[in-house]
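Mapping of the sequence shown onto this note's numbering: residues 1 to 426, in sequence order.
A hint or two may mislead.
Claimed, not checked - Pairwise CB distance ranges, derived in the manner of DEER restraints: (1) 173 to 245: 53 to 63 Å; (2) 366 to 312: 53 to 63 Å; (3) 48 to 144: 44 to 54 Å; (4) 218 to 157: 35 to 45 Å; (5) 136 to 9: 45 to 55 Å.
What the hints assert, rightly or not - List time: in silico BS3-like cross-link candidates among lysine-lysine, alpha-carbon distance up to 30 Å: (6) 333 to 256; (7) 333 to 406; (8) 403 to 256; (9) 301 to 224; (10) 115 to 92; (11) 234 to 217; (12) 353 to 189; (13) 353 to 287; (14) 406 to 285; (15) 406 to 344; (16) 301 to 333; (17) 301 to 344; (18) 344 to 333; (19) 189 to 8; (20) 367 to 406; (21) 122 to 173; (22) 115 to 90; (23) 420 to 287; (24) 77 to 90; (25) 420 to 159; (26) 90 to 122; (27) 224 to 189; (28) 114 to 8; (29) 420 to 344; (30) 115 to 158; (31) 245 to 122; (32) 173 to 367; (33) 285 to 403; (34) 353 to 367; (35) 92 to 106; (36) 35 to 8.
Hint data in this document are derived by calculation from the structure and do not stem from the laboratory.
Glycine residues also receive a C-beta, built at the ideal position from the N, C-alpha and C atoms.
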Amino acid sequence: MLSSQSLKNRLLWQLVLASSVLVVIFSTILYNVLKASIYEEQSEQLIKQAQFIAQQRPKIDKEYLKAFDTTIHIIEKPKFINDTTIVSTKEKDRYYLVLYYPYDFKERTFLLLKKDITSTQKFLNRLLRYIIITNIITFFIMILIAYIVSSSVSFYIKKLTNKLSKLNEEMLKPIRVRDLPTEFQPLAKSINMLINKIQTYIKYQKELFIGIAHELKTPLAVMKLKNEVTLLKKRTPEEYIETIKLNIKTINELNKMIENVLKIGRQEGDQFEPPVQMDIISYLKEKSNNYRLLAESEGKKLEVQLQPQSYVLMIQPTLLNHIIQNFIQNAIKFTPQGGTILLKSTPITNGIKIEVIDEGPGIDEHKDLFAPFKRSGDKGGVGLGLFLAKSAADAMGASITLKNRKDRQGTIATLIIPSKLVCPLC
């Protein structure tokens, strides 16, 4: 039994129905055109005979009329017939074509020409049978062709379905886009982007969970031990107050870490933000005014060098803001007082490069600073900022890197945005 929900079956029957209707319409038109042409030719022959007889009227006799292969009579004007009229009739098993042609207007007589067209009618009946048989054969051929076409289309759908059904944590392999027809390639590219996103998520989720457990367990263990030691013997009020203050400090640090963990969940929602057309240069100019005030409040300077004058593309602004904000905040945090931070943009082949350059202590390039809870320097922090920035960049199809400056001490944080983002929503 064919399922009505099967795309293959629906396509099969649509092709069969459309082809069958087309064949039936074409066959009907062909048969009627042939029939009309044959009858028209026979009718023209009868009219020519009638015209010839009418022109030879003075010489007509019965022997003369017998010379034609058509039964000819001179009759009185029939009722309801006033001009040349042709009708087809059937008598017993014979078919006739009958012509009424005005002969003598004074005597009100008509010529009746009656031609046996039984052989012609039998030919048309045979032709109709051949057309019906041909249509039946064509119908089955159409079913076969439609089955082949629908199978070829559904083959690639099944291929994609089987590929997706076998995906798991251990088998996240991208689909070979070049092996698919052009119509399926955009879908395959979107699926590959989704697979890439899943791979990135799986890569960090275990480390993230372990890191969260560690970051929660360590301060809680310290706080528990401090409380237990305090309760071992009677303490002075000042010692109790100091213990409580340490507990409050630890709780504040835990709250800060939990807030950053919650940001991960909120950013997951931001990844589904609809992309908008946006001028990156105008956006950076607007944001740099706010960042400049922040830097000046800490005794530091923010310089801006933006090229080109304008660069418009479709992008998810919230994700972009996550990345730029993290870069700037890290640069301000690690740059010493009196130092300078540079926000710079440069057009590159098929994209634009945004750099934030600071004068801080630099980084350990052998350490994966994009992993959760990885910290650099002695400025504190939870260690989730760069993890969130990397997740945002991956989600919108961009890339970020960190490296040390070569001209002096400091770090270069780089964001490269392709001119054609390949994120599923872009």
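Checked hints:
Range check, residue 173 to residue 245: about 54 Å between beta-carbon atoms, so the 53 to 63 Å window is met. A hinted range of 53 to 63 Å for the beta carbons of residue 366 and residue 312 is inconsistent with their spacing of about 38 Å. Between residue 48 and residue 144, the C-beta spacing of about 50 Å keeps the proposed range 44 to 54 Å intact. For residue 218 paired with residue 157, a C-beta distance near 51 Å fails the hint of 35 to 45 Å.
Residue 136 and residue 9 have their C-beta atoms about 22 Å apart, which leaves the hinted 45 to 55 Å range violated. Taken as a hint, the residue 333 and residue 256 pair is honoured in the structure, with Cα atoms around 17 Å apart against an allowance of 30 Å. Between the alpha carbons of residue 333 and residue 406 the distance comes to roughly 20 Å, so the proposed pair stays at or under 30 Å and holds. With a C-alpha separation of about 27 Å, the suggested pairing of residue 403 with residue 256 holds against the 30 Å cut-off.
Between residue 301 and residue 224 the CA atoms are separated by roughly 43 Å; this puts the pair beyond 30 Å, and the hint is violated. Annotation: proposed proximity of residue 115 to residue 92 holds, straight-line Cα distance about 15 Å (limit 30 Å). Annotation: proposed proximity of residue 234 to residue 217 holds, straight-line Cα distance about 27 Å (limit 30 Å). With a C-alpha separation of about 24 Å, the suggested pair residue 353 and residue 189 falls inside the 30 Å cut-off, and the hint holds.
With a C-alpha separation of about 17 Å, the suggested pair residue 353 and residue 287 falls inside the 30 Å cut-off, and the hint holds. Of the supplied pair hints, the one linking residue 406 and residue 285 holds, its CA atoms being roughly 27 Å apart against a limit of 30 Å. With a CA separation close to 17 Å, the supplied pair residue 406 and residue 344 stays within the 30 Å bound. With a C-alpha separation of about 12 Å, the suggested pair residue 301 and residue 333 falls inside the 30 Å cut-off, and the hint holds.
Straight-line distance between C-alpha atoms of residue 301 and residue 344 comes to about 14 Å, which keeps the hinted pair within the 30 Å bound. Between residue 344 and residue 333 the alpha-carbon distance is near 18 Å, which keeps this suggested pair within the 30 Å criterion. The straight-line distance between the Cα atoms of residue 189 and residue 8 is roughly 23 Å, inside the 30 Å bound, and the hint therefore holds. Of the pairs offered as hints, the one joining residue 367 and residue 406 holds, with about 18 Å between alpha carbons and a cut-off of 30 Å not exceeded.
Restraint check for residue 122 and residue 173: not satisfied, since their Cα atoms lie roughly 68 Å apart, outside the 30 Å limit. A threshold of 30 Å between alpha carbons decides the hint, and for residue 115 with residue 90 the separation of about 11 Å falls inside it, so the pair holds. For the proposed pair residue 420 and residue 287, the alpha carbon gap of about 23 Å is at most 30 Å, so the pair holds. A C-alpha spacing of about 22 Å is found between residue 77 and residue 90, which places the hinted pair at or below 30 Å, so the restraint holds.
Distance hint between residue 420 and residue 159 is fulfilled; the C-alpha atoms sit about 28 Å from each other, no more than 30 Å. Of the supplied pair hints, the one linking residue 90 and residue 122 holds, its CA atoms being roughly 13 Å apart against a limit of 30 Å. Proposed proximity of residue 224 and residue 189 is contradicted: the alpha carbons are some 52 Å apart, above 30 Å. Only pairs whose Cα atoms come within 30 Å are accepted, and residue 114 paired with residue 8 is rejected, the gap being roughly 58 Å.
For the given pair, residue 420 sits about 21 Å from residue 344 by alpha-carbon distance, which is consistent with the 30 Å threshold. With a CA separation close to 65 Å, the supplied pair residue 115 and residue 158 exceeds the 30 Å bound. Of the supplied pair hints, the one linking residue 245 and residue 122 is violated, its CA atoms being roughly 113 Å apart against a limit of 30 Å. Annotation: proposed proximity of residue 173 to residue 367 holds, straight-line Cα distance about 27 Å (limit 30 Å).
A C-alpha spacing of about 24 Å is found between residue 285 and residue 403, which places the hinted pair at or below 30 Å, so the restraint holds. This hinted pair checks out: residue 353 and residue 367 have alpha carbons roughly 23 Å apart, not beyond 30 Å. Distance hint between residue 92 and residue 106 is unfulfilled; the C-alpha atoms sit about 36 Å from each other, more than 30 Å. Between residue 35 and residue 8 the alpha-carbon distance is near 40 Å, which puts this suggested pair outside the 30 Å criterion.
Checked against the numbered hints given earlier, the structure breaks hints 2, 4, 5, 9, 21, 27, 28, 30, 31, 35 and 36 and satisfies all the rest.
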